[in-house]
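Participant: Chain by chain, the residues run as shown.
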Amino acid sequence: MKHQTRARVTLLSLALSLLASSASAATEIEVFVGNKGVETWKRLFADFEKQNPDIKVTLTVPPDFVAVLKTRIVKNKAPDIVAMGGDTNFKGFADGGVFRDYASDPILGSVKPIYIRQLQAIVGGKEVYGIPFTANTIGLIYNVDKLRALGLQPPKTYAQFIAALKKAKAAGQTPVTLTLKDAWVTLPFMNAIAVNTVPANFAAQKNAGKATFQQAYSGVADKMLEISSYSQKDPLGTSYADGTAAFARGGSVFYIQGDWALPDVLAANPKVRVAMVPFPATNGKNTVVSSVDLLLATSRNTRHPAEVQKLLQFLLSKQNANTYLRAVNAPSVQVGTVPTDPRLAAMKASYAGGSIAGAPFNLFPPGLSAETFWQAMLQDRNKNKALSGLDKTWVDVLKRSY
Amino acid sequence: MNTDTKRPNWPVTLLLILGALTILFPLYLAVVTALKTPQELAASLFALPTSFRWENFTEAIRLTNFFTAFRTSALVTVTTVVLTLITNSLVAYAIARNQHKRFFRYLYYYFISALFIPFPIIMLPVVKQTSAWGMDNPYGLIFLYVVYGLAFNIFVYVGYIKSIPREVEEAALIDGATTWQTFWKIIFPLLAPMNATVGILTCLWAWNDFLLPLVIISDPEFATLPLVQYIFQGQFSTNYNLAFASYLMTLAPMVVVYLLAQRWIISGVTQGAVKG
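Protein sequence lines correspond, in order, to chains A and B. The letter at position 143 of the first sequence is residue 143 when you use the working numbering, and the numbering goes up by one with no holes. If you count the second sequence from 1, you need to add 1000 to reach the working numbering.
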């Protein structure tokens, strides 16, 4: 009997020790961030707390960002600030009235209007439910040494690109690595072409029933099929991680990805020389896809609006924003900036000249899963099946959400 | 006995070797990946590391806040197993010995029917309810595990208790034992093989579960080990070297539990095998 009591006491004390969390007088702000640049967030928040001893910033890196954010909203315990992508998940939360509208807030003044318009287009309204913080960019990545060995310049037009692919193939090399085992990889591929060949109002027209994939995306599908015929042997058996490592080891001349792939390429092989050019989707001037990679949204029901605003201003100051940008190697969203990464040098002109646009995919309705259709098309090479499937599913998804 | 049995049965041996390889090979990959640098991993998936990189482990411990998560996981798992064994067997005993009464029969089917309800269906209400009652913490989690375990555990316990002869209890009753004493002194020890089964299954479930802690626990300080593993997955890429180092540390306690408990399971099975 005696040792039973002792066991019970031990259990109870274990339980109590867990309950004893620190209760301090400072106002606490909770910030939800993804897995990118966590150490930099920690450093920035530590600086902020030093300047504002009465505010404590709690950093949360949820294991499954969207699922955890949803459960928190259900629990009425939404975090004060959320750093997330400007994607369809963002649209879902914004539509649900979770985030505060910043349309008339001067805090947006330093952000390039193109990124603000993107967020408006994603949600579909005049409201701006998040403050763009970093951008991403999609382009054609190439192996500098391999391209030079072939005696080629980085392609500027679609015709030059296909000619380069042909030449690489003739030289016995793998022209381009595709990693189609991960369906999402088809999206940057599609975006890079569609932004140049599909009217920007396609999503709105499609919602109104005035446009179809079969008509508008036919050219995109043709180009995806043509380029993919120059890939390595088993693109559908190659995952993003494997393909990135293979490209880094010099497995192919070209790689179609966003700037986020560059750190992964260099992690696999720090010695490889790579660079990115605007994706040569057409034979004319090509627009570069650049979307809001990370935005800062705040909970509409935050109990500490003043402190939240203070933290936002701190993060958006040029110096602090740059600290984060440098750490994650992402292009800036601030007015008057161009990418500073030397590997993105060829992209600078597009940014300076304003020929950048958001990813067309971000305007697709959540739940369409366009990536699975493209993945299937590149597998069975049946263009009509994919495009008609997209047309039909889009209509079904709209019906589901209204 | 004839001499034929001394010859190795090659087809079966070969199958066993193949079977063992399907388990050992991934394990080999996990161990060597945990000891490599990302460059070595990119160079070759299968090769042995040139030098053991123990920093992967220390770095993984730092990034996941391993010991905090370990403490939470251990608290949840140990408490869940203890409470499950005590309470679920009690409920099963009450049901098994009263099945001639309609109330207990219905109760039995009521509990069993929970086996057919997939968790995602009740997820949202459970999240809402636990939060409203201040149970979105490890204690709420323990409570939920003990309750959710009921369906399966009652199923196995009741079946086993029915096979224990009532005469044993009658003898105890004649000796003056109360129902309470009969359960703890006679039935519970006889349940040892079932206790081992339920204990091990519950232990594995509570230790490895991802979804329930993900949606129930609000405070990241109370994250369990499976939750913190996700720190290594970027939006698109995973740091496999650190991740596997961390996975190995997370699964090690379960391997120890298995090695220790294995004896019990086998002894439990053989106990029933020979009629004494």
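Be aware that one or more of the hints could be misleading.
[Unchecked claim] Derived DEER-like restraints, expressed as beta-carbon distance ranges: (1) B:Phe1052 with A:Asn301: 45 to 53 Å; (2) A:Thr58 with B:Ala1043: 53 to 61 Å; (3) B:Glu1221 with A:Ala327: 21 to 29 Å; (4) B:Ile1112 with A:Val38: 57 to 65 Å.
Source of the hints: derived by calculation from the structure; they are not laboratory data. For every residue, glycine included, the Cβ atom is placed at its ideal position computed from N, Cα and C.
Participant: Indicate, hint by hint, whether the structure satisfies it.
Facilitator: Consistency of the hints with the structure:
Taking 45 to 53 Å as the suggested C-beta distance range, the pair Phe1052 of chain B and Asn301 of chain A conforms, at roughly 51 Å. Our hint of 53 to 61 Å for Thr58 of chain A and Ala1043 of chain B is violated, since their Cβ atoms are close to 40 Å apart. The supplied range of 21 to 29 Å is met by Glu1221 of chain B and Ala327 of chain A, whose beta-carbon atoms lie about 25 Å from each other. Evaluation of the 57 to 65 Å hint for Ile1112 of chain B and Val38 of chain A yields a failure: the beta carbon distance comes to about 45 Å.
Hints 2 and 4 from the list above are not met by this structure, while the remaining hints are.
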